[in-house]
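There are 6 protein chains.
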Amino acid sequence: MTGFSLADRLRAGETVPTGWCGMASPLVAELIAREGYPCVTLDQQHGLYDMPTTFAGIAAIRAGGAAAVVRIPQGGFSVASRVLDAGAEGIIAPMINTIEDAKAFVAATKFPPIGARSWGPSRASQLTGVHKGDYLKAANDAVLTFAMIETRTAIKNVDAILAMPGIDAAFVGPSDLSITLTDGRTLDPHSKEVDAAIDTIIAAAQKAGKIAGAYTATPERALELEQRGFRFFAIASDTAFLQAGASAALKKFK
Amino acid sequence: MTGFSLADRLRAGETVPTGWCGMASPLVAELIAREGYPCVTLDQQHGLYDMPTTFAGIAAIRAGGAAAVVRIPQGGFSVASRVLDAGAEGIIAPMINTIEDAKAFVAATKFPPIGARSWGPSRASQLTGVHKGDYLKAANDAVLTFAMIETRTAIKNVDAILAMPGIDAAFVGPSDLSITLTDGRTLDPHSKEVDAAIDTIIAAAQKAGKIAGAYTATPERALELEQRGFRFFAIASDTAFLQAGASAALKKFK
Amino acid sequence: MTGFSLADRLRAGETVPTGWCGMASPLVAELIAREGYPCVTLDQQHGLYDMPTTFAGIAAIRAGGAAAVVRIPQGGFSVASRVLDAGAEGIIAPMINTIEDAKAFVAATKFPPIGARSWGPSRASQLTGVHKGDYLKAANDAVLTFAMIETRTAIKNVDAILAMPGIDAAFVGPSDLSITLTDGRTLDPHSKEVDAAIDTIIAAAQKAGKIAGAYTATPERALELEQRGFRFFAIASDTAFLQAGASAALKKFK
Amino acid sequence: MTGFSLADRLRAGETVPTGWCGMASPLVAELIAREGYPCVTLDQQHGLYDMPTTFAGIAAIRAGGAAAVVRIPQGGFSVASRVLDAGAEGIIAPMINTIEDAKAFVAATKFPPIGARSWGPSRASQLTGVHKGDYLKAANDAVLTFAMIETRTAIKNVDAILAMPGIDAAFVGPSDLSITLTDGRTLDPHSKEVDAAIDTIIAAAQKAGKIAGAYTATPERALELEQRGFRFFAIASDTAFLQAGASAALKKFK
Amino acid sequence: MTGFSLADRLRAGETVPTGWCGMASPLVAELIAREGYPCVTLDQQHGLYDMPTTFAGIAAIRAGGAAAVVRIPQGGFSVASRVLDAGAEGIIAPMINTIEDAKAFVAATKFPPIGARSWGPSRASQLTGVHKGDYLKAANDAVLTFAMIETRTAIKNVDAILAMPGIDAAFVGPSDLSITLTDGRTLDPHSKEVDAAIDTIIAAAQKAGKIAGAYTATPERALELEQRGFRFFAIASDTAFLQAGASAALKKFK
Amino acid sequence: MTGFSLADRLRAGETVPTGWCGMASPLVAELIAREGYPCVTLDQQHGLYDMPTTFAGIAAIRAGGAAAVVRIPQGGFSVASRVLDAGAEGIIAPMINTIEDAKAFVAATKFPPIGARSWGPSRASQLTGVHKGDYLKAANDAVLTFAMIETRTAIKNVDAILAMPGIDAAFVGPSDLSITLTDGRTLDPHSKEVDAAIDTIIAAAQKAGKIAGAYTATPERALELEQRGFRFFAIASDTAFLQAGASAALKKFK
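Residue numbers (my numbering), protein chains in the order written: chain Y, 102 to 355; chain B, 102 to 355; chain G, 102 to 355; chain P, 102 to 355; chain V, 102 to 355; chain U, 102 to 355.
Chain Y extracted, bound-state conformation:
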């Protein structure tokens, strides 16, 4: 695989499912890519991925024929530029609640004049086959920023966040939304409050001409959100695949 693929697909209006990996095993990420996923996401926020496994994972995902996205730790904007240097095609940043958060996210991930990303994508250049001068020209468009909208504050600021140049997409975190919207009382990603917030987010994304994505526990939920305008979905995780498979085999046996 050469070049970038994720931004092109999403900008063309395609729906893109992503594998979601937290187990810090590049081989697991590669196998998911090889099953035909156009994108695989490595989770550094709540998953066990860290820099070395992420660097190896990005290469493994590309070798498996997919685009790599990384969810960075909260506030980990410095991590964002490092994983872009390593060949990621997108960054999901948690808890982009304010204009300031969004600015910091853009600063770390877009080259001037949009942001202040520092130059050094030699590994990205090796993996994509995009030569260095071309990379500078292409990167601001080809590398996507997903701002996670997952708190009451973020909902309030969602229009301004998504309107900001350099923010390419919203990404819904339904579990945190359910917690913050109930002040910590309830964990229910399918609650009415979450659903209303999702409406607000998709409206803001469409108004700003930006992509909308979401973490969804199941393909069914993803299909429902696709109807409402979302295009990028985490449809299930490595842990879930493994646990479900192991559990089902054992049950058949018993």
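It is possible that part of the hints are untrue.
Where chains are identical, the list cannot tell them apart; a pair therefore holds if satisfied intra-copy or between any two copies.
Derived lysine-lysine pairs resembling DSSO-like cross-links, with alpha carbons at most 27 Å apart [unchecked claim]:
1) 233 x 204
2) 293 x 308
3) 257 x 204
4) 311 x 355
No lab work stands behind these hints: they were computed from the structure.
Keep in mind the model is a prediction, meaning the values are calculated, not measured.
Given chain Y's structure and the hints, the job is docking chains B, G, P, V and U onto it.
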């Protein structure tokens, strides 16, 4: 979990399914154990496990509440004693074709007077909670040797192999059986030739009063072999769980 | 071991010694746990622990029967939420000098409404056996925040820091105290200035109804501080155990 | 090798070339040191180095007879103090654009009264052979801070940044300079704009009595900058050595 | 890259240079592949490669567009089948001195009826895209065995070794030849004795219709041996590239 | 540290204690070396060391100022030559019971004309500073082979084993001796049978003019054996140092 559990269960006539792990991720092995498997096997022959991941994997499996078994590389009898020192409760040895192979297997895995295993199970002692003197007394019974019967030669020698003191079980390798019984022409673990060999093996095991186990691609096949007297089964692998889950989720989505 | 144990013990007034590990070897941490320590702390600030070894270390400590605490790097609040997701029962944060520092610490480690911790404790849930909904209810109480008081500024703000909801404990860093209180002139964790600061800290903790802990080089010092009201102690480190043992053996031999 | 060497050489006016390593292989770093380099730099910003490889790399570089410097990720001041604890003799910090950036850099890397570095250099003490009390006295002089000047804003503030106590050196990042000075249009580290900026930087360094260093792709460029007053140079990278050697051998063969 | 490439090239009479890697860094191996090498060899005998780095290295080399070969440790025939399962296209076995050595090598690397390789190439199948049934049919031809001829005994037996079905190639080890031919007195891979042995080896290979390869320190030596009929060459190593580049840059600078 | 040191000391009649490491942490091994041990041994037989940790450990031990010895797995003669290539100064081989075992050990570890070790010590050359031609001349003397005498059979053959050129030393394994001499009934390294065997071994070593070493759990036992003529002692292990230190600190605290 303290003490040993695998030998007790199998000697009591229980059927024991084992998870089968080749992906060299101790966390994957642990998650399978946590789904309720009484045993998880780490594969060093055709899987990607090596010593450090096996050492970590054995501890992870025990932390997940299961017994750990290791399939060693062909001829890797020295590896066998190392993984027993690290807390494994069973060893599956590939290609035990002759009396000499079986003797070398026993020598590496059983203490005198049965074999010549060298003393040093300090990690096993930590993980099982069995103190060192007790470990010496318990180990020859508590740690199981599975001789893989998977060639024409092994079938010929199966009675003598299984009669040998220190060999606790037969373990059928149906893919290699199908290849060797057809002189390399066919890979079909469910062929007539393989089925006939399986009859020979179970008969030999029952005659010798030894346990019979098999690698089975599916729970269905395992249930069939259970009817025929087998008690220890590799019912599916980490790779298979992951690929099947990832593939099914993608299909639902498309 | 299932569930949480550290908060219960300390809230019950028990004295809890913790092993202190900087060598980035999960096995070392596990062995210390197995010697009977109720708690083992992994040091990411001045020790060599990083995320992968910390993730593995937390699991190893729990397998060894103890609670895991992590000292995060200075300002590493994002790290704090990640290691809590991985199953830590406590976080020691260096250089909590101001109200702002304390707020950021609480935000990262407590769920709403106290803080703004993001949801995702799947590894913690596996390791503790506490199901996800229960984890949300339990975590704000069961997971402890230790604010390190180790500068002149922190001493000035100690009452306000410890009064803050979500800050569960003070933790004294005597070496840094001695340096900052002498403007860099002296390293003496047992100096008069440090002793006076310790008095201020314990008074503030007792006034706020919070736990008091300290790094102590020796069990003797820990016993002295226990008299003065402290309950959580780092009594010695992996490096110290190893160096002292190696040195003593060599001396006997010479 | 015992003690520190980098600060002494540079303060004595010597020119010091540094190897530049991004491949996250401590052995590669060690081999470069063994070729006679007085200094080897590990790159965590655009290279693949992370904490464990950096910790191992610092030890390997010292074993190879050289001083170790680390370029930290942007804003990674907490990382700076950790790698100093691990034995680094210098820190290169990217994007020191403002007085606030410079203050944060000094705070993390110099002990009081200059900064607020936290105490804990036990690994540094082991590797350098400098005992702990002596380390406290020596470190503020012996450990060098290199502030990267690589944006329009930084050029504007360069006098104030370099005048700050605790900032020991400027380090030019010519690629980022070329991008920021052309608002993202051009990548040309040898452009006129960059050259003019370099003049400004060297003038500021000389005025402040501080060291000047630069990343230079080639020994030739380094020699030119040496004429202009620079003394510390990254003259080529591990990746470049490897690619050039492999390419040349293949060409000879074809 | 899909499928196999090395055997096809060599059987078509092409000359194939191979990179030679001992530094146990898969990234180094990948970079050499990306410079255009059709083949990269990982050295487990005298290099620092072990199983996990070899598994990762094979995947990295394929991702870089080249075929992977592994030199196994002396007598490591069990390792041979494991690295073939992991996707290697060739095995170089040291010290194939006798018919028995050659038989053991073939047994481990060729499926029945030629050898006794055990079935399990799932990783090879993923990496090459060759489905499992096809792999069984293709492997005995597509995977190459290189017998190292590097002792007096081996020279004596070279005709019989190379005549054996399943041995695909001779590979000259000139350093060991020089030592064994002088009974340990001299290390000179270009000595007269070595040259005479090389004549014997190439004659035997041509008589048996087998490929001839050699370790050559330099492209110049490789070109000379190509004239004499050799087709597979290790023309330089990762360590040599790195040391030469680092040394040359430093010299220019001084 | 440059050159070799272990053989010189032992041949000069010095008593040499060795640290004994099984925890697979190179840093642990290095710390023990830094406490003043002239030698540190890495245990691959019953410890958790494997190749990558052994390679790193050897370098770390040398950096710490000591000579590195490796105990290889039983029958792991191929491992022996690899760790010598990596810079070890001695190899302890378990279960050298027969002349054939001893021959295989010598073959792997001594260059012609004594043995058949294959050439490739580039890492050893880097670490010791001994250039390659000199290494060939020096190695057979400078690198020591310790044959473990630990079974009834070995006792019977001990004179012939120790008389063999290329076998430099006997090394007593008292635990296995106690087990084999009682046919598996007793584990008592201080039994009368073991003591008598020790007398036989020291007599054989002195007759053959070879060094005698032993694993001893305590410095006290080592001093006793020194009286009887032994000169090389494993006086305690990393695990023991750590457990004893942790346990003692906890006791003081309670």
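Those earlier numbered hints the structure runs against, lowest number first: none
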